[in-house]
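Student: If you want the building blocks of each chain, they are given just below.
Number of protein chains: 2
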Amino acid sequence: MTYTVQIKVMPLKELLDPQGKAVMGGLDNLGLTGVEDVRVGKHISLQINAASPDAARAIAEEASKKLLSNAVMEYFEIEVN
Amino acid sequence: MTYTVQIKVMPLKELLDPQGKAVMGGLDNLGLTGVEDVRVGKHISLQINAASPDAARAIAEEASKKLLSNAVMEYFEIEVN
Chain A
0 MTYTVQIKVM PLKELLDPQG KAVMGGLDNL GLTGVEDVRV GKHISLQINA ASPDAARAIA
60 EEASKKLLSN AVMEYFEIEV N
Chain B
0 MTYTVQIKVM PLKELLDPQG KAVMGGLDNL GLTGVEDVRV GKHISLQINA ASPDAARAIA
60 EEASKKLLSN AVMEYFEIEV N
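First to last, the protein sequences are chains A and B. At the far end of the first sequence sits residue 80, using numbering that gives the first Met the number 0, and the numbering has no gaps. At the far end of the second sequence sits residue 80, using numbering that gives the first Met the number 0, and the numbering has no gaps.
Derived from the structure by calculation, the hints contain no laboratory data. Some hints could be false.
Same chains, same label: a pair holds when it works inside one copy or across any pair of copies.
[As the list claims (entries may be wrong)] Below, computed lysine-lysine pairings styled on BS3-like, alpha-carbon distance capped at 30 Å:
id, residue 1, residue 2
1, Lys20, Lys65
2, Lys12, Lys64
3, Lys7, Lys20
4, Lys65, Lys7
5, Lys41, Lys7
6, Lys41, Lys20
7, Lys12, Lys65
8, Lys41, Lys65
Chain A with its partners taken away, still in its complex shape (with noise of 0.2 Å):
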């Protein structure tokens, strides 16, 4: 069966986010009041092939490990549908 999976990939929140602040910036100047804070990270859907939902998150984790994030300066997240 083909599973939805979504993937999040977020800055690490001990870490500066500088494209955050950069949002945060452009904001300001558009007149929009009341956001404190911004984080921009990836978002990654992926169509997976696979036996069952653990399996394709299974398949979902091994590629956020290894190829989608970055454990020095990111976390991910997966959601399986």
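Once you've looked at the hints, dock chain B against the given chain A.
Tutor: Chain B only, in chain A's frame:
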């Protein structure tokens, strides 16, 4: 109150996604099988101080339209927690 708002910005389904294709090639090289399609987009996480979840969503929607996404190439989805 402060709401956590997640915005997902993805390339339109009708368009090619070269970054996704590159990731698919990379996964192939790693020997990960079963991945049939990959789309790569942005994930933006905001902390918004607003009177209600609806107000927070309105701010996020304006930010998405004016700054975070390009309607010609991308669509966005907003989730308020």
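Student: Going back to the hint list, which numbers does this structure go against?
Tutor: The structure conflicts with no hint, since it agrees with every one listed earlier.
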